[in-house]
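Generate coordinates for the entire structure from the input sequences, incorporating the hints supplied.
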Amino acid sequence: MSFSRNKLYGIILTACIAGYTWIYLSCLWGIKGSRSVNMCFIKSITNIPCPSCGSTRSVLALINGRFLESLYLNPMGFLIAIIIFFAPIWIISDMVTKSSSFLMFYSKMERYLKKPAFSIPLILLVIINWIWNIKKGI
Amino acid sequence: MDTQKVDMFILSNGKFFESHHINMIRERLLAIDDSKWVAISTIQFKDPTTSLIVSILAGSMGIDRFIIGDSGLGVGKLLTCGGFGIWTIVDWFQIQKATREKNLEKIQQFLY
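Going down the list, the sequences are from chains A and B. The opening residue of the first sequence carries number 6 in our numbering; numbering runs sequentially from there. The opening residue of the second sequence carries number 7 in our numbering; numbering runs sequentially from there.
No wet-lab data here; the hints were simulated from the structure. Take the hints with a grain of salt, since some may be wrong.
Calculated cross-link-like contacts (lysine-lysine; reagent style DSS-like; alpha-carbon spacing at most 27 Å) [as the list claims (entries may be wrong)]: (1) A:K113 with B:K108; (2) A:K113 with B:K103; (3) A:K12 with B:K112; (4) A:K113 with A:K48; (5) A:K12 with B:K108; (6) B:K112 with A:K120; (7) A:K119 with B:K112; (8) B:K52 with A:K12; (9) B:K112 with A:K113; (10) A:K12 with B:K103; (11) B:K103 with A:K120; (12) A:K120 with B:K108; (13) B:K52 with A:K103; (14) A:K119 with B:K11.
Below, the structure is given as structure tokens:
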């Protein structure tokens, strides 16, 4: 809510570019479940996977059309894929038409996330995903 | 508002704001009406030290960003393992400043 339009758009576009670079590099290095470069702080220190570990592999599986494998690796990969695909399109169309619909959407989502009725189920989902991740040994 | 009240407020809440904002806050407080004193003196501010501790312990899950109210960035940090660990480290140094700016936003609702 505190962001100006351009700052938010800059941050999200940078994050998306970083995300695409990361996916490209992962494809290049052939990270497909067998060998993985460990970028996760929690996993490298404690050897326990974090809630979003495995999402790179999940997004890569999704790109290759293996939906079930992607869902099994980490359901958060779907969310990341949706954001990384649609956010740049929305932001660029906003910039072209000089509107700020994405900023309004972002503020609205932030307000929803602060309500306990939305935040508590989401926190529970993340924790369940975390437990599942630890059980799978991602 | 009278000087004594304002100085007392600044003394007890100075650590919640950036040092270069304190003068502006002081001047605004002196200018506004006395009736707002009760509201202003009871605002709960976020402690920068607490958010730093949370950032060090659970920064890679974005909890620090959720705590100061940046839910959007918190989700971003959670989804990316703390921005591949880089954002986590950047936030160890940035989170106190971000918290103080959030506090400024909070008090600004009462100042104008």
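Which constraints among the numbered hints does this structure fail? Numbers only, ascending. Numbers 4, 13 and 14 - these are the hints that the structure violates, sorted from lowest upward.
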